[in-house]
Amino acid sequence: MVTVRVNVSLKPSLLDSAGRTVANSLKSLEFSEVEGVRIGKTITLELEKYDEARVKSMCEKLLANPVIEDYAIEVVE
Amino acid sequence: MKIAVVQFPGSNCDQDALYSLRDDLGVQAEYVWHQESSLAGFDGVFIPGGFTYGDYLRCGAMAARSAVMGEVIRMANDGHPVMGACNGFQILCETGVLPGALLKNSGERFLCESVYLKAENRNTAWTEQVKEPIAIPIAHNEGRFVASDDELARIENEGLVAFRYCEANGELTEKANVNGSLNHIAGLVNKRGNVLGLMPHPERMTKKILGSDAGLLIISGFHRVLAGV
Chain C
1 MVTVRVNVSL KPSLLDSAGR TVANSLKSLE FSEVEGVRIG KTITLELEKY
51 DEARVKSMCE KLLANPVIED YAIEVVE
Chain H
1001 MKIAVVQFPG SNCDQDALYS LRDDLGVQAE YVWHQESSLA GFDGVFIPGG
1051 FTYGDYLRCG AMAARSAVMG EVIRMANDGH PVMGACNGFQ ILCETGVLPG
1101 ALLKNSGERF LCESVYLKAE NRNTAWTEQV KEPIAIPIAH NEGRFVASDD
1151 ELARIENEGL VAFRYCEANG ELTEKANVNG SLNHIAGLVN KRGNVLGLMP
1201 HPERMTKKIL GSDAGLLIIS GFHRVLAGV
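So the sequence lines, in the order shown, correspond to chains C and H. If you count by the numbering used here, then the first sequence holds residues 1 to 77, one letter each, in order. If you count by the numbering used here, then the second sequence holds residues 1001 to 1229, one letter each, in order.
Simulated from the structure, these hints should not be mistaken for lab results. For every residue, glycine included, the Cβ atom is placed at its ideal position computed from N, Cα and C. It cannot be assumed that every hint is accurate.
Simulated pairs of lysine-lysine, DSS-like, Cα-Cα distance not exceeding 27 Å [to be verified]:
#: 1; chain 1: H; residue 1: Lys-1208; chain 2: H; residue 2: Lys-1131
#: 2; chain 1: C; residue 1: Lys-49; chain 2: C; residue 2: Lys-27
#: 3; chain 1: H; residue 1: Lys-1208; chain 2: C; residue 2: Lys-11
#: 4; chain 1: C; residue 1: Lys-41; chain 2: C; residue 2: Lys-56
#: 5; chain 1: C; residue 1: Lys-27; chain 2: C; residue 2: Lys-41
#: 6; chain 1: H; residue 1: Lys-1191; chain 2: C; residue 2: Lys-61
Far from chain C by the CB rule (all over 10 Å, computed), these chain H residues [what the hints assert, rightly or not]:
#: 7; residue: Arg-1122
#: 8; residue: Ser-1148
#: 9; residue: Asn-1183
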């Protein structure tokens, strides 16, 4: 079995309103060095075997929306 | 005329849609479960609001890939009337029938209130009756319309903007743009004009006892699309 992580993030040009709220909260906790926060999501896939093209296809067909999101594939083990 | 009201796990405006179509617009309407692979016998489709599949992954992502959507896309491409409200709009964007996407409201809050809507392109079946700004309910957490710069320019140039959030007098103030949508966009049509997606809920205001029947100005677009207006 292969574990594959797909990291999905909002495109940098789009406002991440949740990230902005978290950044404000961190600042209120006196982490004044925080200049920005963006929140993505990690989808962990457990696969019988790894085929990069097929995982890309999963990302493009369902896991990420190319209109608003970027994705990165990471093979864990 | 017979309209399919598509039900997904988590749809919750399906009854509003069905009754507004049947009782107030006066057309036939029937529920269709999302696993159906045929819409034979139907003339149009209403995709209701809700939180399909718990909004997992992205709003409308899973619903957009369900069996019935192949048929909805076919009907949209064939020129049949297709309307999606709220989650239904998100689903239509996820399928690519309409451009762009809906993200979390810029204020990070679920918005359940009445807003004003004005028709932008009045030359569509869904907008031509909306002559003045109308008050209309919204109830959503992810209604901020976004698209790339190029896509947004195309949407504007091709007249795909059906509705914008505005003040009662039609003015486009920042305050009126409640969820932070690009260019105040509240609803879009496809290029052919037979498909409408919008975040507000016209199906919740189709009789006076509900406060207003102005929603019929929009929903009656089903008739006009079929009549080829």
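Could you tell me which of the hints above the structure violates, numbers in ascending order?
2, 3, 8
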